[in-house]
Structures are given as structure tokens and as C-alpha cells.
Amino acid sequence: MEATKLIIVAVGGQGNLLASKVLGEAAIKLGVPVRMSEIHGMAQRGGVVESAVLFGDVHSTIISNGEADALLGFEPSETLRAMNKANRNTTVITNLHPLPPFTVAIGKGKYPDLDSSFKLVKEKCRRLIAFDGVKLAQDAGTVMSLNMVMLGALAQTKSVPISVEAIKDTIRFNTKKNFVDINIKAFDLGYEAAAKMN
Amino acid sequence: MHKLLKDNPGEKMLLLGNEAIARGALEAGVAFATTYPGTPSSEIAENFFRIAQETDLYFEYSTNEKVALEVAAASAVSGLRTMCSMKHVGVNVAADALMTLAYVGVKGGLVLVSADDPFMFSSQNEQDNRYYGKLSGLPILEPSSVEEAKDMVKHAFDLSEELQEPVIFRTTTRINHSSGVVSLGPIRERITQGTFTKDPFSYVTVPAVSRNLHKKLLTNYEKARVLANKSHYNLIEGDGVWGIICNGVSYNYVKDAIADLKLTGKVKVLRTGFSHPLPDELIKGFVKDCEKILIVEEGEPYLEEGVKALAQEVGYTGSIRGKSADLFSRLYEFDPATVRKNVAQYFGAQTQAKQSVETADLPEIPARPPNLCAGCPHRATFYAVRAVLGDEAIYPTDIGCYTLGLLPPLSMADFVICMGSSVSSAAGFAKATGRKVVAFIGDSTFFHGGIPGLVNAVHNNHDITLIVVDNGTTAMTGHQPHPGVDMARLGYPHTRIPIEDVVKGLGVKHVVTVNPLKSKKLMETVKEAVDFKGVSVIISQEICPLYARTIEKKPKRAFYVNQEKCKNHRDCINKLGCPAFYLEEERVCIDEDACIGCALCAQICPENAILPLRK
Numbered sequence: 000m001e002a003t004k005l006i007i008v009a010v011g012g013q014g015n016l017l018a019s020k021v022l023g024e025a026a027i028k029l030g031v032p033v034r035m036s037e038i039h040g041m042a043q044r045g046g047v048v049e050s051a052v053l054f055g056d057v058h059s060t061i062i063s064n065g066e067a068d069a070l071l072g073f074e075p076s077e078t079l080r081a082m083n084k085a086n087r088n089t090t091v092i093t094n095l096h097p098l099p100p101f102t103v104a105i106g107k108g109k110y111p112d113l114d115s116s117f118k119l120v121k122e123k124c125r126r127l128i129a130f131d132g133v134k135l136a137q138d139a140g141t142v143m144s145l146n147m148v149m150l151g152a153l154a155q156t157k158s159v160p161i162s163v164e165a166i167k168d169t170i171r172f173n174t175k176k177n178f179v180d181i182n183i184k185a186f187d188l189g190y191e192a193a194a195k196m197n
Numbered sequence: 000m001h002k003l004l005k006d007n008p009g010e011k012m013l014l015l016g017n018e019a020i021a022r023g024a025l026e027a028g029v030a031f032a033t034t035y036p037g038t039p040s041s042e043i044a045e046n047f048f049r050i051a052q053e054t055d056l057y058f059e060y061s062t063n064e065k066v067a068l069e070v071a072a073a074s075a076v077s078g079l080r081t082m083c084s085m086k087h088v089g090v091n092v093a094a095d096a097l098m099t100l101a102y103v104g105v106k107g108g109l110v111l112v113s114a115d116d117p118f119m120f121s122s123q124n125e126q127d128n129r130y131y132g133k134l135s136g137l138p139i140l141e142p143s144s145v146e147e148a149k150d151m152v153k154h155a156f157d158l159s160e161e162l163q164e165p166v167i168f169r170t171t172t173r174i175n176h177s178s179g180v181v182s183l184g185p186i187r188e189r190i191t192q193g194t195f196t197k198d199p200f201s202y203v204t205v206p207a208v209s210r211n212l213h214k215k216l217l218t219n220y221e222k223a224r225v226l227a228n229k230s231h232y233n234l235i236e237g238d239g240v241w242g243i244i245c246n247g248v249s250y251n252y253v254k255d256a257i258a259d260l261k262l263t264g265k266v267k268v269l270r271t272g273f274s275h276p277l278p279d280e281l282i283k284g285f286v287k288d289c290e291k292i293l294i295v296e297e298g299e300p301y302l303e304e305g306v307k308a309l310a311q312e313v314g315y316t317g318s319i320r321g322k323s324a325d326l327f328s329r330l331y332e333f334d335p336a337t338v339r340k341n342v343a344q345y346f347g348a349q350t351q352a353k354q355s356v357e358t359a360d361l362p363e364i365p366a367r368p369p370n371l372c373a374g375c376p377h378r379a380t381f382y383a384v385r386a387v388l389g390d391e392a393i394y395p396t397d398i399g400c401y402t403l404g405l406l407p408p409l410s411m412a413d414f415v416i417c418m419g420s421s422v423s424s425a426a427g428f429a430k431a432t433g434r435k436v437v438a439f440i441g442d443s444t445f446f447h448g449g450i451p452g453l454v455n456a457v458h459n460n461h462d463i464t465l466i467v468v469d470n471g472t473t474a475m476t477g478h479q480p481h482p483g484v485d486m487a488r489l490g491y492p493h494t495r496i497p498i499e500d501v502v503k504g505l506g507v508k509h510v511v512t513v514n515p516l517k518s519k520k521l522m523e524t525v526k527e528a529v530d531f532k533g534v535s536v537i538i539s540q541e542i543c544p545l546y547a548r549t550i551e552k553k554p555k556r557a558f559y560v561n562q563e564k565c566k567n568h569r570d571c572i573n574k575l576g577c578p579a580f581y582l583e584e585e586r587v588c589i590d591e592d593a594c595i596g597c598a599l600c601a602q603i604c605p606e607n608a609i610l611p612l613r614k
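First to last, the protein sequences are chains U and F.
According to numbering that gives the first Met the number 0, the first sequence is numbered sequentially starting from 0.
According to numbering that gives the first Met the number 0, the second sequence is numbered sequentially starting from 0.
Any given hint could turn out to be false.
Only pairs whose alpha carbons sit at most 25 angstroms apart, straight line, appear in this in silico DMTMM-like list of lysine to aspartate or glutamate [to be verified]:
#: 1; chain 1: F; residue 1: Lys265; chain 2: U; residue 2: Asp56
#: 2; chain 1: U; residue 1: Lys109; chain 2: F; residue 2: Asp334
#: 3; chain 1: F; residue 1: Lys555; chain 2: F; residue 2: Glu606
#: 4; chain 1: F; residue 1: Lys5; chain 2: F; residue 2: Glu146
#: 5; chain 1: U; residue 1: Lys134; chain 2: F; residue 2: Glu606
#: 6; chain 1: U; residue 1: Lys28; chain 2: F; residue 2: Asp6
#: 7; chain 1: F; residue 1: Lys353; chain 2: U; residue 2: Glu1
Interface residues of chain U toward chain F, partial, derived using beta-carbon atoms under 7 angstroms [stated by the list, open to error]:
#: 8; residue: Ile27
#: 9; residue: Ile38
#: 10; residue: Gly46
#: 11; residue: Ser76
#: 12; residue: Asn86
#: 13; residue: Thr102
#: 14; residue: Lys118
#: 15; residue: Lys123
#: 16; residue: Val179
#: 17; residue: Asp180
Hint data in this document are derived by calculation from the structure and do not stem from the laboratory.
Because the structure is a prediction, the values reported are computed rather than measured.
Glycine included, each C-beta is placed from N, C-alpha and C at the ideal position.
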């Protein structure tokens with residue numbers, strides 16, 4: 000099975016480790032080979048959390064620059080920071096709701112202009128799906144479900160070899176009971192948002 | 000039931016590398032486990048900590064790595080299967096015990112996990128602990144994947160019992176923090192009651208005994224060498240006239256490179272998993288058959304040095320390359336593309352790497368460095384000391400969250416090398432420069448490595464101030480307990496050792512415990528302490544807010560900026576750097592979801608414009 004390489008970037012607390020775990024568990028159910036790695040050393044201290052999920056016939060657990068088939072960003076400036084992982088065939092999926100790093104508040108850097116930046120991204124890659132995922136997560140019931148919104152959008156693009164149903168089953172099985180309905184709704188809203196961008 | 004206790008052989012589970020290591024130990028019947036937490040090893044012990052609550056596994060967070068290994072040594076000498084886990088630099092702390100334990104040996108299997116951290120994702124250096132194999136004479140096993148790690152740990156216990164000596168199980172961050180699909184095996188029954196037979200001429204390492212023990216170690220070394228040559232963890236794959244010798248995660252990148260570059264049938268691979276003693280006969284045989292050889296290993300040229308020496312013995316005249324300016328670096332970690340590029344270059348293969356998109360036209364993205372959390376009491380301590388002493392004093396610091404005090408606007412870290420170095424180096428700076436020196440050490444680090452330095456400072460009459468930033472937990476590595484933590488309130492039977500009692504007991508004459516969130520009071524305390532001639536200690540005590548949340552302490556009311564009162568001095572944002580602040584249309588605001596109501600900013604606002612939100 001040909002390798003598919005997904006990179007997920009987020010800020011500590013946005014729940015990307017759970018998102019990659021859901022994909023991993025779904026892959027096991029489908030019998031799709033899967034390996035993952037994460038760098039989250041100081042995640043609780045407001046740093047960047049990056050995880051790589053590799054499906055298919057590949058032994059590495061990390062993704063070199065230019066080699067991601069899909070880039071899933073939970074925070075728009077982090078998506079832009081990770082663009083060196085993308086090539087012209089990469090599908091880029093990003094939340095557009097900003098979470099500016101603290102350096103901006105103390106005047107050590109300027110938060111990028113998202114409209115013009117993602118216009119550039121759109122020209123560089125195969126496909127760009129960009130929307131306000133935080134809004135959809137709130138519509139689903141809680142901002143905490145942003146990770147499920149983003150998974151829904153990812154599933155819609157079919158850029159990873161994991162079916163919608165397999166992901167939903169895993170969400171039903173692996174997330175806290177009280178949150179299952181919210182998480183499924185969040186997933187569906189993300190899926191629809193991506194579908195509308197076709 | 001803890002998921003790692005599932006007795007369902009054959010089931011496939013998605014496990015983190017550190018979970019796989021813990022599971023492997025359980026399948027091997029581990030009965031006794033010790034640790035001092037440190038990234039990237041910490042999750043091994045976290046799992047043991049929880050498993051010990053529901054089984055007869057004995058687990059402890061020891062005071063430091065040396066203590067952890069000594070406790071573990073006695074357990075293994077008493078016949079129990081024992082695991083001792085730590086990060087790579089922890090092995091330095093434990094090295095004194097390790098070097099002579101190698102002479103003494105064990106009865107029950109003892110596996111020492113050394114979690115190395117190439118690239119220093121969260122470490123102060125990237126030393127390559129394979130050299131501890133050479134230094135101690137002990138065997139080293141190193142896995143290439145999460146799946147392999149579980150089974151190899153099991154084998155490590157068997158090997159340790161076969162050789163009657165500890166085995167070093169060496170991982171890197173990309174094993175510890177990768178996840179893979181692991182097939183569960185049966186869990187061997189734990190034997191938890193040890194026996195000790197007195198045998199001082201084997202266990203008491205006076206010179207006359209050690210002279211015999213060193214001989215025994217060398218005999219064992221020879222046995223281990225023979226085993227390494229036969230070990231299925233030293234495997235040769237593929238065919239071809241060229242050769243690659245590799246280890247650890249590099250093996251994965253090599254396999255992917257050979258497939259990508261269509262070199263199958265041209266290059267064979269020797270992967271070392273039992274890498275100390277080196278499988279010398281295997282390497283010699285492999286080398287002889289190759290026209291040229293590439294060594295792919297992160298870190299130091301450990302394999303390369305060994306392979307070159309062995310190649311000389313068999314009169315090999317082909318090229319053997321590894322570390323060099325045009326191939327592999329000794330720095331940082333490898334990645335698949337770098338390995339592919341170097342394999343292609345060395346063997347003259349065509350490579351079509353995917354090109355990164357152009358990013359030069361994208362705006363520069365502001366850095367997102369890790370930061371002390373909103374409401375972190377360390378910030379309050381640093382703020383107060385800077386307010387009193389500015390840059391007049393030298394500030395040696397130590398290893399923990401508070402090392403982040405390095406960053407502006409706090410800028411309160413001048414020197415750190417290892418756990419405990421704050422207080423000892425403070426003494427050296429005070430004597431060598433005659434300047435005021437204020438050192439910072441965390442509560443867990445104080446117990447780990449700070450006490451001997453404090454004894455030294457008192458005994459040698461040094462003129463220093465030590466501030467113990469006591470947040471009631473080992474915060475950095477995920478809130479593990481330490482001897483100063485009140486575990487009784489969490490329902491554990493541990494005895495608490497108050498830091499103030501320790502400090503007074505060591506003969507420190509000026510000791511004050513203060514809450515850093517009372518900023519004026521802390522400043523006065525700092526002034527008095529630095530004016531005191533001799534050793535003074537301030538215990539700056541306030542619970543870590545992240546930890547407080549986990550033990551369900553009620554949060555305080557968040558604060559807001561009253562925009563009518565605020566004159567935009569921005570002392571709050573510019574001097575404290577709390578991440579709960581943000582700017583909106585050039586006005587300072589507070590994110591009420593992030594603010595935990597520590598009230599530090601409210602105390603320093605010259606306009607008293609920062610006020611608690613009404614409920």
C-alpha cells in the first residue's frame with residue numbers, strides 16, 4: 000500500500016494528539032498500516048505541538064520537508080509556519096481562527112495577514128481548505144471539539160486512506176461518552192465546510 | 000483496569016513507545032520499578048505508577064537517578080525482575096552506581112532504560128549513551144521501532160539474567176514518543192518476594208573483591224560478545240555488493256531510502272540492535288563482502304569507529320564512511336530525506352526528492368516559544384527579584400519550568416549546566432567575582448541534586464542567596480511527586496519532608512518561607528536575604544496552577560483591565576510577560592479564560608486599573 004503522510008500542527012491544548020490517535024485507531028480497525036510520532040515536550044507551556052501520521056508501506060515515523068501529502072493546521076499561523084513540509088501536490092486544511100503567540104503581544108513579531116497569506120498558499124498547493132473551525136466547534140457545542148471539526152474536513156478531502164465511517168466509529172468508541180454527540184456533530188460540520196469549498 | 004494490563008495475547012494495540020516499553024516489562028514479569036522523571040522517558044514510569052495502584056508491582060519515584068538505580072540494584076540482587084528508567088543525562092547521575100554495579104552484577108533481570116534525546120527537544124545536551132556500554136562493559140540493546148521495543152525489553156530481562164548483569168536499553172525520543180501497532184503477548188507472573196544470600200566477597204567492593212569482579216566482568220563481556228554475534232537483533236537484510244550498517248531509527252530511514260531509490264538488490268543492510276559489545280564476527284563477515292560501506296547512525300560515530308577497527312583486522316581496503324562534512328552530521332536527529340540524499344550520493348543513485356513549496360514570499364511567522372503559564376508563581380518570584388536587584392546580581396538557575404525565566408521580559412537565568420548546579424555554582428560565582436549571587440532551584444530539583452551544594456555552601460561559609468521555587472510538584476515533566484509533596488491528601492502513604500526543615504537542619508541561619516504572589520512582601524524578603532552575610536534561603540511557595548487544576552483546587556476569579564483607568568503604561572505586559580495578556584487596538588486586555596486570578600499584575604499596575612471580574 001502506497002505511503003500517505005499527514006502532518007498535524009497545533010498549539011498546546013488544541014487537542015491534536017487526540018485527533019492523531021483517532022486516525023491511528025481507525026487505521027488499526029481497517030487494517031491499514033500506521034505509525035505516528037509527536038513532539039510535545041513543552042506543549043503545556045504554550046508551545047507548538049506537531050504530530051506526524053504515516054499510513055501504508057513506510058517505516059519512518061517522521062516527515063521531511065516537502066514530503067507531507069496532507070497538512071492539517073489547527074491554528075492558521077502554525078499552518079503557515081509548517082508550509083515547508085508541503086509540496087505542490089499537498090492538500091492543506093486549516094482553521095482560520097487565530098491564536099496569536101504571546102510574542103506578538105510584547106511586540107516581538109507581527110501576526111501575519113491571513114487573507115493574503117492563504118491566497119499565496121492556494122496557488123502553491125493542490126488544494127486549500129480554509130475556514131473558521133472554532134466557529135463550527137462552538138456551533139457543535141464546545142470550542143474543545145475543534146480537533147473533530149478538523150478531522151471532518153480532512154476526511155472529506157480523502158487525502159488519507161481512512162473512511163468517514165471508520166473515523167466516526169472510532170470517535171464514538173474512543174472519546175468521552177458525554178462528548179460523543181458533540182464530537183460527531185463537530186466532525187460533520189467540518190466535513191460539510193470542506194465539501195462546500197469544492 | 001489499566002490498558003497495559005490487558006491479558007489478551009494477540010490483540011493489536013496502538014501504543015506510545017514508552018507504553019510499549021512498560022508493556023514489554025510487564026510481559027517479562029517486572030516486579031520492581033524505579034525512576035526519576037525526565038523527558039523523553041517519563042511516560043514509562045507514569046504507567047508503572049498507575050499500574051502499581053492496582054497490582055503488586057512495586058514502583059517508586061526515587062529522589063534522583065543514582066538513588067533510583069541503587070534501589071533497583073538491591074531489588075535485582077535479591078532476584079526480582081527490575082526496571083530503572085531515566086533520560087540520558089540521568090545516566091550521568093546514576094553512573095557512579097552503574098560502573099561498579101557492572102562488576103557486582105545481578106540475580107534478577109535489571110534493565111536500565113536510557114532515553115536519549117537527539118536534537119535536544121527537551122534536554123540540555125544530546126550525548127550518545129551507547130558509550131556507556133563501552134565505559135561500563137555492559138550490554139546495550141536498542142530498538143528501531145515501537146513494535147520492536149516491546150519484544151526487545153522482554154529479551155533484555157532474559158539477557159540480563161543469562162549474563163547476571165544489568166542490560167542498558169537505549170532509546171531515542173523518536174522511539175519513546177512515536178506510536179505503533181503492538182501485538183500483545185502473555186503477561187508473565189510477577190515474583191515479588193526477593194531473597195538475599197549474604198556473600199560479601201561478591202557484593203562488597205573492596206579492592207581485593209573488585210579485582211576478582213573486574214575479571215568476572217571481562218568474562219561476561221566475552222559471553223556477551225558471543226551472544227551479540229548470534230543475536231537475531233543484529234540482522235542482515237537484502238543483497239548486493241554495497242553495504243549499510245545502521246542502528247535505531249536510522250534503520251527505518253535506510254529501509255525507506257532503499258525502496259525509494261530502487262536500490263533493492265544492490266545494497267544489503269546490517270542493523271545492530273544488540274550494539275554493545277559489537278557483533279564483531281558478524282561485522283567482519285559483512286564488511287568483507289561489500290565493495291563500499293556507509294554507516295548511518297545518529298549522534299557519535301560509535302558504530303563507525305568499531306566497524307573501521309574491525310575492517311582493519313580483516314584487511315578491508317574499501318571505503319567506509321559515516322560522519323563527515325559531506326555525509327552525516329554528529330549533530331541533531333536525522334530525517335528520512337537526509338538519509339535518502341546521502342545514500343543516493345554515496346552509492347551514486349538517482350534521487351527525485353519532492354520539493355518543498357516556495358515559502359520565501361510568505362510572511363515571517365512570529366515565534367511561539369514555550370512560556371511560563373498564565374499565573375505561574377515562578378513569574379512572580381522572578382519579577383520581585385529583578386525589581387530588587389536588576390542585573391546587579393548573578394542568577395544561576397536550575398532545570399525545570401523555571402529555566403524558562405531565561406526569556407525576556409523576565410531574563411532571570413545566567414547559568415545552568417545540570418540538575419543541582421544552581422546552588423553549587425552560586426558559591427563559585429560569589430567567591431570568584433565578589434558579586435551578589437541569587438540562585439534559583441525547583442522543589443523537586445532541590446531534593447534531586449541541590450542538597451549537597453547547599454551543605455557545601457553552609458560549610459564553606461559562602462555568601463549566597465538560594466531561592467527554592469516550590470510549586471509543590473515536579474511540574475516540567477508532568478506533575479510527578481517528590482519528597483516534599485504532601486501525598487497524603489492524594490491518598491498515598493508517603494512521608495512528606497518539608498523543605499524548610501531540611502534547610503534549617505543543614506544549618507542555614509536565615510530561612511524565610513513566603514508566598515511569591517504577595518509581591519511587596521517577597522521584595523522585602525529578598526532585600527533582607529541578600530543583605531544577610533552568609534547563606535540565606537527563601538522558599539518561594541505557591542502551587543503550580545496546572546497541578547492545582549488536576550487536584551481540583553477551585554480557581555480564583557479572573558481579572559480584567561478597566562479601560563477607563565488604564566493609562567497604557569503596559570508595565571503589566573512588558574515586565575511580566577504573562578500569556579493571559581493580549582493587545583486589542585493597542586490596548587492591553589486580559590483573556591479571562593487564560594487568567595487564573597493570581598493578581599500579580601493587579602499589584603504592579605501604577606493606575607490600579609486591573610481588577611477582579613465580578614462573578
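Each hint tested on the structure:
no. : hint                   : verdict
1   : Lys265/F with Asp56/U  : holds (20 angstroms)
2   : Lys109/U with Asp334/F : violated (31 angstroms)
3   : Lys555/F with Glu606/F : holds (22 angstroms)
4   : Lys5/F with Glu146/F   : holds (17 angstroms)
5   : Lys134/U with Glu606/F : violated (36 angstroms)
6   : Lys28/U with Asp6/F    : holds (20 angstroms)
7   : Lys353/F with Glu1/U   : holds (15 angstroms)
8   : Ile27                  : holds (6 angstroms)
9   : Ile38                  : holds (6 angstroms)
10  : Gly46                  : holds (4 angstroms)
11  : Ser76                  : holds (5 angstroms)
12  : Asn86                  : holds (4 angstroms)
13  : Thr102                 : holds (5 angstroms)
14  : Lys118                 : violated (11 angstroms)
15  : Lys123                 : holds (4 angstroms)
16  : Val179                 : violated (20 angstroms)
17  : Asp180                 : violated (23 angstroms)
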